[in-house]
Amino acid sequence: MSIHIPILIIISPLLAAFLVLLSRKYKIILATASIITSIVFTLTLSSRVLSGDKVTYHLGGWRGPLGISLVVDELSLFFSLIVLGLGLLVIVYSMPERNYGRTYYFLLLVSLSSMIGVIYTADIFNMYVFYELLSLAVYLLIAYPKTGVTLRASFNYLIMGGVGLSFFLLGIGFLYAMTGTLDMFHIAGRLPAAFDSSMQMVIMSFVLIATGMGIKIAVFPLHGWLPDAHSMAPSPVSALLSGITVKIGIYCLIRVVYTVFSTEMFLLISSHNILIVLGVVSLLFGASMALVQKDLKRLLAYSTINQLGIVLIGLGIGTELGLTGALFHVLNHAIMKSTLFFCAGIMITETGTREVKGLSGFGRQQPAITFAFIVASLGMIGIPPINGFASKWLICLAAVEAGYTFPVVIILIASTIAAAYYFRVIQVLFGGSLKQGPMPAHEGEQVIHRGNLFRSWPIYILAAGCLLLGLLPALGISLVKPAVSLLLFHVVP
Amino acid sequence: MTPINISLLVFMIGLYGVMSKNNLIKKIMGLTIMNGSIVLFFISIGYRKGGLAPILEKGTTGDIPTIIVVDPLPQALMLTAIVIGISVTALALALIVKIYSKYKTLDIQQLSKER
Amino acid sequence: MRSSKIIRTIAQKLFPFIVLFGFYLISHGHLSPGGGFQGGVVLGTAIILLALSHSIEQTEKKFKSRWLNMLEKLGILTLIFLGFLGIFLGYSFLSNFLPLGKPGQIASGGLMLFFNIAIGIKVAAGVSVIFYALVRYRGEI
Amino acid sequence: MFKEMKKVFFIIIILVMTILFILSVDIEYSNPKNLDVANYYIDQGLNDTGAINLVASIYLGYRAYDTLMETIVLFVAVAGVVFCLRGKR
Numbered sequence: 076m077s078i079h080i081p082i083l084i085i086i087s088p089l090l091a092a093f094l095v096l097l098s099r100k101y102k103i104i105l106a107t108a109s110i111i112t113s114i115v116f117t118l119t120l121s122s123r124v125l126s127g128d129k130v131t132y133h134l135g136g137w138r139g140p141l142g143i144s145l146v147v148d149e150l151s152l153f154f155s156l157i158v159l160g161l162g163l164l165v166i167v168y169s170m171p172e173r174n175y176g177r178t179y180y181f182l183l184l185v186s187l188s189s190m191i192g193v194i195y196t197a198d199i200f201n202m203y204v205f206y207e208l209l210s211l212a213v214y215l216l217i218a219y220p221k222t223g224v225t226l227r228a229s230f231n232y233l234i235m236g237g238v239g240l241s242f243f244l245l246g247i248g249f250l251y252a253m254t255g256t257l258d259m260f261h262i263a264g265r266l267p268a269a270f271d272s273s274m275q276m277v278i279m280s281f282v283l284i285a286t287g288m289g290i291k292i293a294v295f296p297l298h299g300w301l302p303d304a305h306s307m308a309p310s311p312v313s314a315l316l317s318g319i320t321v322k323i324g325i326y327c328l329i330r331v332v333y334t335v336f337s338t339e340m341f342l343l344i345s346s347h348n349i350l351i352v353l354g355v356v357s358l359l360f361g362a363s364m365a366l367v368q369k370d371l372k373r374l375l376a377y378s379t380i381n382q383l384g385i386v387l388i389g390l391g392i393g394t395e396l397g398l399t400g401a402l403f404h405v406l407n408h409a410i411m412k413s414t415l416f417f418c419a420g421i422m423i424t425e426t427g428t429r430e431v432k433g434l435s436g437f438g439r440q441q442p443a444i445t446f447a448f449i450v451a452s453l454g455m456i457g458i459p460p461i462n463g464f465a466s467k468w469l470i471c472l473a474a475v476e477a478g479y480t481f482p483v484v485i486i487l488i489a490s491t492i493a494a495a496y497y498f499r500v501i502q503v504l505f506g507g508s509l510k511q512g513p514m515p516a517h518e519g520e521q522v523i524h525r526g527n528l529f530r531s532w533p534i535y536i537l538a539a540g541c542l543l544l545g546l547l548p549a550l551g552i553s554l555v556k557p558a559v560s561l562l563l564f565h566v567v568p
Numbered sequence: 118m119t120p121i122n123i124s125l126l127v128f129m130i131g132l133y134g135v136m137s138k139n140n141l142i143k144k145i146m147g148l149t150i151m152n153g154s155i156v157l158f159f160i161s162i163g164y165r166k167g168g169l170a171p172i173l174e175k176g177t178t179g180d181i182p183t184i185i186v187v188d189p190l191p192q193a194l195m196l197t198a199i200v201i202g203i204s205v206t207a208l209a210l211a212l213i214v215k216i217y218s219k220y221k222t223l224d225i226q227q228l229s230k231e232r
Numbered sequence: 019m020r021s022s023k024i025i026r027t028i029a030q031k032l033f034p035f036i037v038l039f040g041f042y043l044i045s046h047g048h049l050s051p052g053g054g055f056q057g058g059v060v061l062g063t064a065i066i067l068l069a070l071s072h073s074i075e076q077t078e079k080k081f082k083s084r085w086l087n088m089l090e091k092l093g094i095l096t097l098i099f100l101g102f103l104g105i106f107l108g109y110s111f112l113s114n115f116l117p118l119g120k121p122g123q124i125a126s127g128g129l130m131l132f133f134n135i136a137i138g139i140k141v142a143a144g145v146s147v148i149f150y151a152l153v154r155y156r157g158e159i
Numbered sequence: 603m604f605k606e607m608k609k610v611f612f613i614i615i616i617l618v619m620t621i622l623f624i625l626s627v628d629i630e631y632s633n634p635k636n637l638d639v640a641n642y643y644i645d646q647g648l649n650d651t652g653a654i655n656l657v658a659s660i661y662l663g664y665r666a667y668d669t670l671m672e673t674i675v676l677f678v679a680v681a682g683v684v685f686c687l688r689g690k691r
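Chains as they are written, first to last, in the numbering used here: chain P, 76 to 568; chain L, 118 to 232; chain D, 19 to 159; chain W, 603 to 691.
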């Protein structure tokens, strides 16, 4: 049974998703149990993976370029642990909400399982299929409240995401025409020969795939869908989108750049400079747009564009230090942004408004939640004892080492702007007394109490994670280190 | 002009439709055109000169076929891609129906003005 | 709205043949052009034709949308179960554990026939459920 | 005025991209390279999976996992359509 673990990790949430649709009562228990099962399976794999050998599973027994195989290596293990851990917290956070029915949990489980599918697969077309499944589930999760704004945001995302995935599929077609196979490791083995004979096609396929993924991770000129989608969705879904789903795009980009197109080819077509430029532009854009927002969740959404720019800069530098910083920042951003969105969800239900101004006095009412919010936002700015500082510092160090001084200046400027907008929110939180504005429709004290219990646990856990990773950055770096050494010094099997 | 070039041209036409049209349904049409062009692209990169459809004769017992057959893999991939395209289109049309019943318009300029 | 008698009669007479053709496509998917998706869409079209020519309510009495929903879930659960059967029998997920027959016969594909049937039923139910949902929607238009 | 400018701008961008695209494509039509995997499917597909329709032997045999996921994609779309359009009749 132990050789079947990789497929069981993917199938168990998927099976639970369909069982959720069939049973009326046990939806939450089923969802939680299946995710916990997947986490346990992943942890049993981790010792084998970290000791250095890849876990490979051939679906249907067809190996090599013939069929589809699942490969769990250090990079996919790292990303799948982030996805499963945060996914469990998202499910726990959305438990107290009564009007999330069966369809909600179904879509949540399908999206989590398809994310793991994207991460584990070694076949590039299968990656496309899973990405499309993930996108469909996410469009529906955004449109879940069925109000006009969410439907519009979901439709915008559908159009942009559809175009992006079409680009991705066309890039896959180019790769297939050049190499005649779809398995990523085999493509990587055959691509240098194709590069010698027709360089422009290799470049074109890279451009197509990078554009497709660029739409999904919302780099500057292609970011149009993100602020609406991330801010209008229900709060747990916002945390899911901003914390995990965007990271899947980054994973695909890393996979394609470092496994399919090798590092040498990446440097040869000088795409690292393009990544750095895009990162710098979206960093500045996200920071300056977040500064002028009045809506709390929209501010957080623009902040996501800002932080993803930093990750792109780290990826573009491409040295060992830069990659370590980038992957560490992926982990940190996932933790911090989910904390912020969880807190924002509580703030919005308590005060009944989405405006930053309406939050005044919340800090005195619920000090613990506010403390978590402050910890996470200090991490976003990059103030030393919190985890965001460590990864930003690593990226800056790598940039200086590799001779890029300009991005460092930009990162520092953007951090100052981030400080400006986060401190504005914090100031309002401790400002005057809570205005008795339009209070939300709370019926019955009991619901609120139960809600607060389940809603605050995930926040405390995540905030503790922020502090832990900030005080002991060596812990986080030791998580990232195997993946980086795999990416830079890998051998094609 | 081989079918490969034509498929890329059609892809760009679809992209133009998605980007420049204001009507939501026309945007979805553009998406469908892009999907169709990708199907044409994949089928034409698998074509061999004089190739027949990849279905062997009824009597063969596993010998190497003497006839030339086109590459079956892109065709199998496109079966998947077509179904995915249909799913996206169906979902988008359902969203459009719902959006229309909320805002009474399909024009994206007017939609972005409404709050 | 009532369609004319000619259309109703022809649709009624055509219905069994379309269903037959759909099942032919599904069951011969590994022998000739066709397969689960194509056959399933043809089956779904048969129901749509009946609903368009007769009234929707009349068709819904015969093909209840609750049953169609159940059939759809059943199709997918069958697929996943067939995949797991491979694991239990000592092969890997989704592997073909049945013996292969003589090429060209209907039993030659092993498990493929069952895959095709499950997919076909699921697609037929899905297409008709989409049709019902779009037709019955009475928003504030 | 502004609208027409936008349209012309789009058309120019699309034309430039198309020309770049078509110039970059370097595939010989009707004479594909790297046929080893495809030839394996054509030669051994019947022995391996027992289906004389090679496309079916790929999408139900070698790549059945893709087909399973594609079915689930269709299911999610159906569930989404029903979810979007139900209620308030």
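Don't read these hints as lab results, they were simulated from the structure.
Mixed in with the good hints, there may be bad ones.
Simulated crosslink set (DSSO-like; lysine-lysine; CA at most 27 Å straight-line) [to be verified]:
hint, chain 1, residue 1, chain 2, residue 2
1, L, K215, L, K138
2, L, K230, P, K369
3, W, K605, L, K143
4, D, K23, P, K100
5, W, K609, L, K166
6, L, K230, W, K605
7, W, K608, L, K138
8, L, K221, W, K605
9, L, K138, W, K635
10, L, K166, P, K221
11, L, K215, P, K221
Which chain P residues stay away from chain W? Per the calculated CB distances, all over 12 Å, these [as the list claims (entries may be wrong)]:
hint, residue
12, I143
13, V224
14, S363
15, E425
16, P442
17, L487
18, Y535
19, L547
20, K556
For glycine and all other residues, C-beta sits at the position ideal for the given N, C-alpha and C.
Structure-based check of each hint:
1. K215/L - K138/L: 20 Å, holds
2. K230/L - K369/P: With Cα atoms ~18 Å apart, K230/L and K369/P stay inside 27 Å; holds.
3. K605/W - K143/L: 17 Å, holds
4. K23/D - K100/P: 48 Å, violated
5. K609/W - K166/L: 41 Å, violated
6. K230/L - K605/W: 17 Å, holds
7. K608/W - K138/L: Holds, because 11 Å separates the two Cα atoms, which is no more than 27 Å.
8. K221/L - K605/W: 23 Å, holds
9. K138/L - K635/W: Distance of about 39 Å is beyond 27 Å: violated.
10. K166/L - K221/P: 52 Å, violated
11. K215/L - K221/P: 8 Å, holds
12. I143: I143/P not clear of chain W: closest Cβ-Cβ about 5 Å, inside 12 Å.
13. V224: 15 Å, holds
14. S363: 25 Å, holds
15. E425: 28 Å, holds
16. P442: 39 Å, holds
17. L487: 35 Å, holds
18. Y535: Answer for Y535/P: holds, closest chain W Cβ roughly 33 Å.
19. L547: Non-interface label stands for L547/P: nearest chain W Cβ at 40 Å, farther than 12 Å.
20. K556: 32 Å, holds
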